[in-house]
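Chains as they are written, first to last, in the numbering used here: chain A, 1 to 112; chain B, 1 to 109.
Keeping only pairs whose Cα atoms sit at most 27 angstroms apart, straight-line, the calculated DSSO-like set for lysine-lysine is:
# : chain 1 : residue 1 : chain 2 : residue 2
1 : A       : K42       : B       : K65
2 : B       : K9        : A       : K42
3 : A       : K42       : B       : K22
Hints were generated in silico from the structure; no laboratory data involved. Source: prediction; values computed, not measured.
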Amino acid sequence: EPEVTQTPSHQVTQMGQEVILRCVPISNHLYFYWYRQILGQKVEFLVSFYNNEISEKSEIFDDQFSVERPDGSNFTLKIRSTKLEDSAMYFCASRQDHYGYTFGSGTRLTVV
Amino acid sequence: AQRVTQPEKLLSVFKGAPVELKCNYSYSGSPELFWYVQYSRQRLQLLLRHISRESIKGFTADLNKGETSFHLKKPFAQEEDSAMYYCALVTGTASKLTFGTGTRLQVTL
Numbered sequence: 001e002p003e004v005t006q007t008p009s010h011q012v013t014q015m016g017q018e019v020i021l022r023c024v025p026i027s028n029h030l031y032f033y034w035y036r037q038i039l040g041q042k043v044e045f046l047v048s049f050y051n052n053e054i055s056e057k058s059e060i061f062d063d064q065f066s067v068e069r070p071d072g073s074n075f076t077l078k079i080r081s082t083k084l085e086d087s088a089m090y091f092c093a094s095r096q097d098h099y100g101y102t103f104g105s106g107t108r109l110t111v112v
Numbered sequence: 001a002q003r004v005t006q007p008e009k010l011l012s013v014f015k016g017a018p019v020e021l022k023c024n025y026s027y028s029g030s031p032e033l034f035w036y037v038q039y040s041r042q043r044l045q046l047l048l049r050h051i052s053r054e055s056i057k058g059f060t061a062d063l064n065k066g067e068t069s070f071h072l073k074k075p076f077a078q079e080e081d082s083a084m085y086y087c088a089l090v091t092g093t094a095s096k097l098t099f100g101t102g103t104r105l106q107v108t109l
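Based on the provided sequences and hints, a complete structural model is requested.
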């Protein structure tokens, strides 16, 4: 069964540093998403991406965040200047049709 | 505004007992609902979607528009069912998922 792949599985970074989280969605999927889950809290939507542009973003997704699909296969989330409160599990998801969401295994980001 | 409510943070049942994980939603449009399961901090896995009315691992869920509910049920709990369960609603122009806070199901012997 096709999978969404995320790297790295765990990233530790110092406050103020830039991080890039990487995702390889399923190849024939057209819609891409980033979600995050702060420890002990619910999964929250960050951003959706379709046709090489952001289609919707949440209040969390401020100017510190950006997404890119640089080469037709990778889908990246960049946090420009990390804060302690950015520590969370970040999940990438993709879908082809209206119902087939597939999530990656996540990147645990720890900001120290 | 859209909202998904899972009132129970933890549900503890004995093996073989029936399970019902509650989910209520608030949405002005036509709802499309899912149940996702997360085992031990692993990836979120799709368990059920209301549109297909299927049964996975013995779990079923029926959409009740009158009560705005989509409760997850299983007649006989198994140890391997222990996990976090999230109810999710499709919303917005980008069809994003809005998740509930999740219920931890603990099945004990």
